[in-house]
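*Asks:* Letter by letter, the chains look like this.
2 protein chains.
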Amino acid sequence: MSAASQARRRRKPDDLRIVAFEKGQHVSYSACGIPYLVAGDVADPDDLVARTPAQFRDLGIDLRLGSEVVGISLDDRSVTVRPTGGDPYTEPFDQLVIATGGVPARPDVPGAGAAGIHGVQTLEDGIRLLSFLEDHQPRRAVVVGAGYIGLEMAEAMIRRGLQVALIDAADQPMRTLDPDMATLVADALRGLGVDLRLSCPLEGFDTAGDRVTGVRTAEGVLPADIVILGLGTRPNSGLAADAGIAVGASGGITVDRRLRTSAEGVWAAGDCVEVLHLVSQRPTAIALGTHANKQGRAAGINIGGGYATFPGVVGTAVSKICAYEVARTGLSTAEAAAAGFATFSTVTESTTRAGYFPGALPITTKIIAERTTGRLLGAQIVGQEGAAKRIDALAVALWHGMTVEEMTGLDLSYAPPFAPVWDPVLIAARKAAEQLATLKP
Amino acid sequence: MSAASQARRRRKPDDLRIVAFEKGQHVSYSACGIPYLVAGDVADPDDLVARTPAQFRDLGIDLRLGSEVVGISLDDRSVTVRPTGGDPYTEPFDQLVIATGGVPARPDVPGAGAAGIHGVQTLEDGIRLLSFLEDHQPRRAVVVGAGYIGLEMAEAMIRRGLQVALIDAADQPMRTLDPDMATLVADALRGLGVDLRLSCPLEGFDTAGDRVTGVRTAEGVLPADIVILGLGTRPNSGLAADAGIAVGASGGITVDRRLRTSAEGVWAAGDCVEVLHLVSQRPTAIALGTHANKQGRAAGINIGGGYATFPGVVGTAVSKICAYEVARTGLSTAEAAAAGFATFSTVTESTTRAGYFPGALPITTKIIAERTTGRLLGAQIVGQEGAAKRIDALAVALWHGMTVEEMTGLDLSYAPPFAPVWDPVLIAARKAAEQLATLKP
Chain A
1 MSAASQARRR
11 RKPDDLRIVA
21 FEKGQHVSYS
31 ACGIPYLVAG
41 DVADPDDLVA
51 RTPAQFRDLG
61 IDLRLGSEVV
71 GISLDDRSVT
81 VRPTGGDPYT
91 EPFDQLVIAT
101 GGVPARPDVP
111 GAGAAGIHGV
121 QTLEDGIRLL
131 SFLEDHQPRR
141 AVVVGAGYIG
151 LEMAEAMIRR
161 GLQVALIDAA
171 DQPMRTLDPD
181 MATLVADALR
191 GLGVDLRLSC
201 PLEGFDTAGD
211 RVTGVRTAEG
221 VLPADIVILG
231 LGTRPNSGLA
241 ADAGIAVGAS
251 GGITVDRRLR
261 TSAEGVWAAG
271 DCVEVLHLVS
281 QRPTAIALGT
291 HANKQGRAAG
301 INIGGGYATF
311 PGVVGTAVSK
321 ICAYEVARTG
331 LSTAEAAAAG
341 FATFSTVTES
351 TTRAGYFPGA
361 LPITTKIIAE
371 RTTGRLLGAQ
381 IVGQEGAAKR
391 IDALAVALWH
401 GMTVEEMTGL
411 DLSYAPPFAP
421 VWDPVLIAAR
431 KAAEQLATLK
441 P
Chain B
1 MSAASQARRR
11 RKPDDLRIVA
21 FEKGQHVSYS
31 ACGIPYLVAG
41 DVADPDDLVA
51 RTPAQFRDLG
61 IDLRLGSEVV
71 GISLDDRSVT
81 VRPTGGDPYT
91 EPFDQLVIAT
101 GGVPARPDVP
111 GAGAAGIHGV
121 QTLEDGIRLL
131 SFLEDHQPRR
141 AVVVGAGYIG
151 LEMAEAMIRR
161 GLQVALIDAA
171 DQPMRTLDPD
181 MATLVADALR
191 GLGVDLRLSC
201 PLEGFDTAGD
211 RVTGVRTAEG
221 VLPADIVILG
231 LGTRPNSGLA
241 ADAGIAVGAS
251 GGITVDRRLR
261 TSAEGVWAAG
271 DCVEVLHLVS
281 QRPTAIALGT
291 HANKQGRAAG
301 INIGGGYATF
311 PGVVGTAVSK
321 ICAYEVARTG
331 LSTAEAAAAG
341 FATFSTVTES
351 TTRAGYFPGA
361 LPITTKIIAE
371 RTTGRLLGAQ
381 IVGQEGAAKR
391 IDALAVALWH
401 GMTVEEMTGL
411 DLSYAPPFAP
421 VWDPVLIAAR
431 KAAEQLATLK
441 P
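One line per chain: the protein sequences are A and B, in this order.
If you read the first sequence in full-length UniProt numbering, its first letter stands for residue 1, the second for the next number, and so on.
If you read the second sequence in full-length UniProt numbering, its first letter stands for residue 1, the second for the next number, and so on.
Hints are computed from structural coordinates only; laboratory data are not their basis.
We treat Cβ as the ideally placed atom computed from N, Cα and C, and that holds for glycine.
Treat the hints with caution; some may be incorrect.
[What the hints assert, rightly or not] Derived coverage of chain B by chain A (criterion: at least 3 residues anywhere in the stretch with Cβ under 8 Å from a Cβ of chain A; other residues may be distant):
no. : region
1   : 29–36
2   : 311–323
3   : 381–395
4   : 407–420
[Stated by the list, open to error] Pulled from the structure, derived: some chain B residues nowhere near chain A, Cβ distances all over 12 Å:
no. : residue
5   : D210
6   : A292
7   : V326
[Claimed, not checked] Listed below are the simulated EDC-like cross-link pairs for lysine to aspartate or glutamate, each with C-alpha atoms no more than 20 Å apart in a straight line:
no. : chain 1 : residue 1 : chain 2 : residue 2
8   : B       : K23       : B       : D242
9   : A       : K12       : B       : E434
10  : A       : K23       : A       : D125
11  : B       : K12       : A       : E434
12  : A       : K12       : A       : D94
13  : A       : K23       : A       : D46
Build out the structure end to end from the sequences listed, making use of the hints.
*Replies:* Shown next, in the form of structure tokens:
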């Protein structure tokens, strides 16, 4: 819908007809807000909607809800649409934007179809989950998958007063963090009362009638009145692939910096594409609303006759679990090794404000840098209020390939309510620069 | 003391003798913390001390308190010291670090010497002010000067329950902000109950006995039981100038990136020096603890035989006034014009978190950019909790000479508790890029 809006801003209805197909009943909502809807922070599903179907129609966008596109024909330059309860039809196009998003991973284990097992990908998922919570008043929740969504949903369940177990097949939560930083997150989760079980793969679900009653794991059965799946997503690129449009090794549709696919006049944007990781210099698929939004905007501007690009990402992400803030950017140590970098890293403890200032809270900052040059490759932060957004300064430094030594000179803001006299980012850079000096011959 | 500590880390007492002279009785304290000591946020003056005299002496640093250096002889390579209550003597040096800090501006008006008129430069000033508040229980405070310190002291007085008037000769508070952004600060101050009087120069003080009773201004006399001066500082470079060491037009001692002055073996660091402003490319004097600390460290590393630099500043600063946060970096519109830039600017309103997320607070972001290239020249933020530290991402972008168009692609962190799907910094960059497009022929 970002692409549609931007194209419409530049080309009026008499110049460009725009038809948008959506399988479900909601468009232009914040999927990232669903955990907060479920937690009760957001009162109404409508609050997550940025722009309603009526508003899009007022812009002269022919939005068709309940209309799944099931095929693309590049030869005919048309899509095949299957409307809910109606007959399939084809719709021609001159320009096509594929914005099919991601496909949530669903476990292929016994009982996976039982009632009470919920995904949280779409607004409809969120509304369904809220109804289940209200109708059934579950007491025990099991969250499967300890990534961002799993953690946010574990928090939501805790805050609703449920007993929460969180399981993951990996030996750490948040696989995008280094193990030592993930340990801080694991400790925080346990401190919040989450029964965190790592290296604990899902084996199946116990059911009674059509309802889930437990989660089977290598460690036995965890009783569950409700199960929430947070197993991540993969790019929903099947429709594009079937049409002969190039899809990369990441599973995302291949696009250039203007969001053009391999097919003339076909664009793609959002969780269905792969983008250039500016540090690894490799294509990567990262499902994140802010990227999707920027990409949609750029595609729409380009279709509208302008010029806009999405140059790539450095892998920035941030999350909150109750009072804890977690952020990362760039490559983890493992990702850097996979991309061929020899690295070193430093971990520094500091405070979010001057140590003497009320509300100074702990912040741990990890820096991963190249072993010979000291070039910043990645950074991770775990802390409390005021910690996480510091990742942005690191993300911009990373964008410019700064070395840790160069970063020690950065003119970051200082006043006692906001930082120690050396901001935690600067302390981290300084420690890394000192460490680098000892590594050199 | 940063320089002394760093030099000592690299050169042990048998290799390098270090003598440090301090006029007062306190070293290594956070002067920036004094307003919070006065406000009651910090319980004890000792809390502001990073390292005590005893700790420095334990490091083998011969720290001499109550010892003012009153002369430097480059020919003799010695300094003349006047100890409190003792006879002057000379002390030889091989290497000298001048870290004389700033001289607070003091008004040359009738009554300026009265009791109850307080500066807040040194820890001793802060302790004296606290005693006055406790001994005399003043009800009405007048703060002279609406810069960072004046505003922080106005807040401190408000929070202690005093009636506060704040006067400034300029027509806006915080002259480092553009007038439109300063208006937001003025509104915030008035909302807090501060009687803010702009374009209102100080004319003198009324006194009874030796005590101040009022502040005379063009608008009449403001009754005052206590007066706090926040008129800024200038570099304390007189000692260096008298010795024939080069001092720049800003009034600060001229140093190179290693903090070397014009005299062989003489270094300078802190508020007494001038540094390169990386945007204006001009020398500038900025009194700020974080710069002073970095400079001292670099000078100490260099004296210790290492290599460290202070490459310059981009003019980042941040301040808090009750619930309001104010930040700036780079050049203001007026500063940019003075440096020869043709500029345009945009002001955007956004929220600190996703609009639907509890605690989403207003943030106003101004961007100043070069008219032809769109290169970022400066940014200013006024908002509430979570607003100000966003200046750091802008400061790093500025450091790298990014254009506003390039900035729209930055991979800044997003999750609903931390930002809207477009971070306010990105919205500001996007608006500026859109504005730039309309300016081009």
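*Asks:* Are the hints correct? Go through all of them and say.
*Replies:* Evaluation of the provided hints:
1. 29–36: holds (count 4)
2. 311–323: It holds, with 10 qualifying residues against the three required.
3. 381–395: That given contact holds, which follows from 8 residues of the region 381–395 of chain B lying within Cβ reach (below 8 Å) of chain A.
4. 407–420: holds (count 12)
5. D210: Non-interface label on D210(B) holds, nearest chain A Cβ at 33 Å vs cutoff 12 Å.
6. A292: Its Cβ does come within 12 Å of chain A, the nearest being 8 Å, so this is violated.
7. V326: About 10 Å separates V326(B) from the closest Cβ of chain A, which leaves it inside 12 Å; violated.
8. K23(B) - D242(B): With a Cα-Cα distance of about 18 Å, the restraint between K23(B) and D242(B) holds, given a limit of 20 Å.
9. K12(A) - E434(B): holds, 19 Å
10. K23(A) - D125(A): Given that 20 Å is the threshold and the Cα spacing comes to 14 Å, the pair holds.
11. K12(B) - E434(A): This hinted pair holds, its Cα atoms lying about 19 Å apart.
12. K12(A) - D94(A): The hint holds at about 16 Å.
13. K23(A) - D46(A): holds, 18 Å
The earlier numbered hints that this structure contradicts are 6 and 7.
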